[in-house]
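Protein chains in written order, with this note's numbering: chain A, 1 to 142; chain B, 1 to 142; chain C, 1 to 142; chain D, 1 to 142.
Read the hints as simulated data drawn from the structure, not as lab findings. Every value quoted in this text rests on a predicted model; they were computed, and no experiment measured them. Keep in mind that a hint or two might mislead.
It does not matter which identical chain is meant; a pair holds if it fits inside one copy or across any two.
Distance condition first, Cα-Cα at most 25 Å in a straight line; then the derived PhoX-like pairs of lysine-lysine [to be verified]:
1. K126 - K3
2. K51 - K120
3. K65 - K120
4. K51 - K118
5. K3 - K125
6. K51 - K99
7. K125 - K4
8. K99 - K118
9. K99 - K3
10. K99 - K4
11. K125 - K51
12. K118 - K65
There are 4 protein chains.
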Amino acid sequence: MAKKFYSEIRVIYADTDAMGIAYHGNYVRWFEIGRTEYLRQIGYPYAQLEKGEMIWLPVTELACKYRQPAMFDDVLSIACWVGALGGASIVMMYEVRRKATDELLVSGSTSHAITDSKLKPIRLKKIQPDLYAAVVGTLEDV
Amino acid sequence: MAKKFYSEIRVIYADTDAMGIAYHGNYVRWFEIGRTEYLRQIGYPYAQLEKGEMIWLPVTELACKYRQPAMFDDVLSIACWVGALGGASIVMMYEVRRKATDELLVSGSTSHAITDSKLKPIRLKKIQPDLYAAVVGTLEDV
Amino acid sequence: MAKKFYSEIRVIYADTDAMGIAYHGNYVRWFEIGRTEYLRQIGYPYAQLEKGEMIWLPVTELACKYRQPAMFDDVLSIACWVGALGGASIVMMYEVRRKATDELLVSGSTSHAITDSKLKPIRLKKIQPDLYAAVVGTLEDV
Amino acid sequence: MAKKFYSEIRVIYADTDAMGIAYHGNYVRWFEIGRTEYLRQIGYPYAQLEKGEMIWLPVTELACKYRQPAMFDDVLSIACWVGALGGASIVMMYEVRRKATDELLVSGSTSHAITDSKLKPIRLKKIQPDLYAAVVGTLEDV
Numbered sequence: 001m002a003k004k005f006y007s008e009i010r011v012i013y014a015d016t017d018a019m020g021i022a023y024h025g026n027y028v029r030w031f032e033i034g035r036t037e038y039l040r041q042i043g044y045p046y047a048q049l050e051k052g053e054m055i056w057l058p059v060t061e062l063a064c065k066y067r068q069p070a071m072f073d074d075v076l077s078i079a080c081w082v083g084a085l086g087g088a089s090i091v092m093m094y095e096v097r098r099k100a101t102d103e104l105l106v107s108g109s110t111s112h113a114i115t116d117s118k119l120k121p122i123r124l125k126k127i128q129p130d131l132y133a134a135v136v137g138t139l140e141d142v
Numbered sequence: 001m002a003k004k005f006y007s008e009i010r011v012i013y014a015d016t017d018a019m020g021i022a023y024h025g026n027y028v029r030w031f032e033i034g035r036t037e038y039l040r041q042i043g044y045p046y047a048q049l050e051k052g053e054m055i056w057l058p059v060t061e062l063a064c065k066y067r068q069p070a071m072f073d074d075v076l077s078i079a080c081w082v083g084a085l086g087g088a089s090i091v092m093m094y095e096v097r098r099k100a101t102d103e104l105l106v107s108g109s110t111s112h113a114i115t116d117s118k119l120k121p122i123r124l125k126k127i128q129p130d131l132y133a134a135v136v137g138t139l140e141d142v
Numbered sequence: 001m002a003k004k005f006y007s008e009i010r011v012i013y014a015d016t017d018a019m020g021i022a023y024h025g026n027y028v029r030w031f032e033i034g035r036t037e038y039l040r041q042i043g044y045p046y047a048q049l050e051k052g053e054m055i056w057l058p059v060t061e062l063a064c065k066y067r068q069p070a071m072f073d074d075v076l077s078i079a080c081w082v083g084a085l086g087g088a089s090i091v092m093m094y095e096v097r098r099k100a101t102d103e104l105l106v107s108g109s110t111s112h113a114i115t116d117s118k119l120k121p122i123r124l125k126k127i128q129p130d131l132y133a134a135v136v137g138t139l140e141d142v
Numbered sequence: 001m002a003k004k005f006y007s008e009i010r011v012i013y014a015d016t017d018a019m020g021i022a023y024h025g026n027y028v029r030w031f032e033i034g035r036t037e038y039l040r041q042i043g044y045p046y047a048q049l050e051k052g053e054m055i056w057l058p059v060t061e062l063a064c065k066y067r068q069p070a071m072f073d074d075v076l077s078i079a080c081w082v083g084a085l086g087g088a089s090i091v092m093m094y095e096v097r098r099k100a101t102d103e104l105l106v107s108g109s110t111s112h113a114i115t116d117s118k119l120k121p122i123r124l125k126k127i128q129p130d131l132y133a134a135v136v137g138t139l140e141d142v
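So here's chain A without its partners, still in its complex pose (with noise of 0.2 Å):
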């Protein structure tokens, strides 16, 4: 099993939409803040990766199931960890909860081409082989 991640945030009135709940395209922008935590987390924050060393992560694919709604003010808990690792691609996992209750509330997937800053994929394994360790290891945590 693949370790998870955790990150917070309260849902704001600006989240929300005139059915009373959190707009769904939010849960997106709540899946890049677990994700950039992972990445933090494991120590290679990705203002770091795309300043220092030239590594983009552009989003190809997400997937989104919705369950329940979150509501105003809800603290919202975000596990993140990763699905697959490829030679250039990477796979991240997401479930967001409502922290009072634990209820799940959307799980979903994101899917990343790893590349250079011009977009053209590279080998995260020969480039960052240090990074591609850290994350290996987040996948055969036991």
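For chain A, the structure is supplied; the task is to place chains B, C and D on it using the hints.
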């Protein structure tokens, strides 16, 4: 083949991100525009459904596949059509193209429950036979 | 001097634009976060006001002054305090700083009507004397 | 009197909030649309300015006055005109109306520095005399 319905939007600066392209989360908004225009074009604007007839279409699943990025000021053409119609559910399909070149940028789908304003599933065919027939009409386009 | 209340957010990729900085419209969201945390910290969470007590605070005016840009992954510190309290209105003040350097990035204000859920103005002092006193308490901080 | 330039948008579900109205932060996006269309209509699309001529217009101040709410599916008419033109700055004015009724919903303004792509102020009249003349032309409309 289902009949496709078209709408257009222009990418604004707010839609872009630091990669210089449209942030991937915006397609959720653009799918919504495609879907809303679909309903308007078949004669059942969503604003009317929600107010008059009390039919809601909460999103239950979302999928996107990203092929090419959209850039600031691009005019995007959004094609939307019905992928499947169930008793109390509907699947909408989308293709977003750069209008100037007709390149396919993103394709995707959303699944929706068909509910009343308390999010209780309703049988569209029974509650709104005219709307049901209109949707079926767009599925059977030749 | 009014007492300042603090909250923090981190700039995400979705918040950036093609200039490589946080899009100027995001400060409206961040002011909202500052204001919501102000109310929570004085003991009257907005979620409770809206549901239990039926007090709404629709925005009537907004002003922002932009001094320095916020960048991806910056942690921002949002200071929020009461600028003025009227019979059925309130002015909130904001300063957003880059936490790492304490640089002032944006200052601003929002004016709000104090209304019931039908947007009819109400006298806060009469309807909710405890909340009124709590707000006054933050104005008269020494 | 300055000449007014018009554009239109339709309020989508993503724009609404739990009050059932368009979230007040969206007007920042809509002002941007008005401003971008102004530049396009005078013959200097912002996409071209940023790429070809390296003129940026970062926002330095923003003000909005909210009078009436916009609702889901409303078509909004955005009027935009030049409020003032300085050596290296410009003020744009906005009025957003509900198209169906012509009610004024929100008025506002944005102030902009005129800079190169390193955010260094430039003298528009010297660097781009044609664009300067075009803007002046819209100020002196009779």
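Evaluation of the provided hints:
no.: 1; hint: K126 - K3; in the structure: within (24 Å within a copy, 48 Å between copies)
no.: 2; hint: K51 - K120; in the structure: both (16 Å within a copy, 22 Å between copies)
no.: 3; hint: K65 - K120; in the structure: between (30 Å within a copy, 18 Å between copies)
no.: 4; hint: K51 - K118; in the structure: both (13 Å within a copy, 17 Å between copies)
no.: 5; hint: K3 - K125; in the structure: within (20 Å within a copy, 46 Å between copies)
no.: 6; hint: K51 - K99; in the structure: between (34 Å within a copy, 20 Å between copies)
no.: 7; hint: K125 - K4; in the structure: within (22 Å within a copy, 44 Å between copies)
no.: 8; hint: K99 - K118; in the structure: between (39 Å within a copy, 23 Å between copies)
no.: 9; hint: K99 - K3; in the structure: within (19 Å within a copy, 30 Å between copies)
no.: 10; hint: K99 - K4; in the structure: within (16 Å within a copy, 28 Å between copies)
no.: 11; hint: K125 - K51; in the structure: within (19 Å within a copy, 36 Å between copies)
no.: 12; hint: K118 - K65; in the structure: between (32 Å within a copy, 20 Å between copies)
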